[in-house]
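K.L.:
Chain by chain, the residues:
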Amino acid sequence: GEDVEQSLFLSVREGDSSVINCTYTDSSSTYLYWYKQEPGAGLQLLTYIFSNMDMKQDQRLTVLLNKKDKHLSLRIADTQTGDSAIYFCAESSTTSYGKLTFGQGTILTVHP
Amino acid sequence: DTEVTQTPKHLVMGMTNKKSLKCEQHMGHRAMYWYKQKAKKPPELMFVYSYEKLSINESVPSRFSPECPNSSLLNLHLHALQPEDSALYLCASSQEIQKAYNEKLFFGSGTQLSVL
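So the sequence lines, in the order shown, correspond to chains P and L.
Following the numbering used here, the residues of the first sequence are numbered contiguously, the last one being 112.
Following the numbering used here, the residues of the second sequence are numbered contiguously, the last one being 1116.
A few of these clues could be false.
DEER-style ranges, computed between Cβ atoms [as the list claims (entries may be wrong)]:
no. : chain 1 : residue 1 : chain 2 : residue 2 : range
1   : P       : D3        : L       : S1055     : 37 to 45 Å
2   : L       : K1018     : P       : N66       : 32 to 40 Å
3   : L       : E1003     : P       : Q80       : 18 to 26 Å
4   : P       : T94       : L       : G1014     : 22 to 30 Å
5   : L       : T1016     : P       : H111      : 44 to 52 Å
6   : P       : D58       : L       : Q1095     : 13 to 21 Å
7   : L       : Q1095     : P       : M53       : 37 to 45 Å
8   : L       : S1055     : P       : S28       : 28 to 36 Å
9   : L       : L1116     : P       : K56       : 24 to 32 Å
10  : P       : M53       : L       : Q1082     : 41 to 49 Å
Since the hints were derived computationally from the structure, they do not count as laboratory data.
Yeah, the Cβ is synthetic: ideal placement off N, Cα and C, and Gly gets one too.
From just these sequences and the hints, can you work out the full model?
P.N.:
The structure is reproduced here in structure tokens:
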């Protein structure tokens, strides 16, 4: 079945850039998503990228997609303490109708 | 209005109780979802409704019973739950479900359920 992998932890200093990585196995992926979850809250859609794109930029967020290696990354520029959260990578595909496959989540900790 | 509203925010129930979780959205979305999430884990899909019909049931035990009274509302009825069912229950909605469609999910903030 489909699999999405992420590293579990990332710690950065305030003002630095953060890069969260994700790999996936499904060749039929159509869209890839990044969700943010703060403590006690639901998941918030941050950004997404169509599988035929290489890059998408949205203010402080840059998504890079290497379709050949099935590697996705989320770069957060000028990371702030308010960016501390769990970040989930997810993918939808033509073989998983109505379902998203989530990664395990990366806990981002931003130190002052 | 881009919100998915869930009530209650917290719920404590005994193993013999019957309770319901409620979810509401007014974005005109025709697909609605229930997810279960344990602490620091990804959400696990439970049910999907598409156009008010149950489309996906991920082999969820019958002590969880979903209901979609109309296109804006989604309920999850709980009966005879076990302590291991304690988790955050998240509702989500999306425009609709289609193959290769951009299934952007909008999540509610969840109900934190504790079963004693």
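K.L.:
All hints, please: hold or fail.
P.N.:
Checked hints:
For P/D3 and L/S1055, the Cβ-Cβ distance of about 23 Å falls outside the hinted range of 37 to 45 Å, so the restraint is violated. Under the hint 32 to 40 Å, the C-beta atoms of L/K1018 and P/N66, about 50 Å apart, miss the expected range. Between L/E1003 and P/Q80 the beta carbon distance is about 24 Å. The supplied range of 18 to 26 Å therefore holds. Taking the beta carbon of each, P/T94 and L/G1014 are about 44 Å apart, not inside 22 to 30 Å as hinted.
Between L/T1016 and P/H111 the C-beta distance comes to about 47 Å, which sits within the given range of 44 to 52 Å. In this structure the supplied range 13 to 21 Å holds for P/D58 paired with L/Q1095, their Cβ-Cβ distance being about 20 Å. L/Q1095 and P/M53 have their C-beta atoms about 20 Å apart, which leaves the hinted 37 to 45 Å range violated. Restraint check, L/S1055 to P/S28: a C-beta distance of roughly 19 Å breaks the suggested window 28 to 36 Å.
As the Cβ distance of L/L1116 to P/K56 is approximately 46 Å, the hint placing it in 24 to 32 Å is violated. Taking 41 to 49 Å as the suggested C-beta distance range, the pair P/M53 and L/Q1082 conforms, at roughly 44 Å.
Checked against the numbered hints listed earlier, the structure breaks hints 1, 2, 4, 7, 8, 9; every other hint is satisfied.
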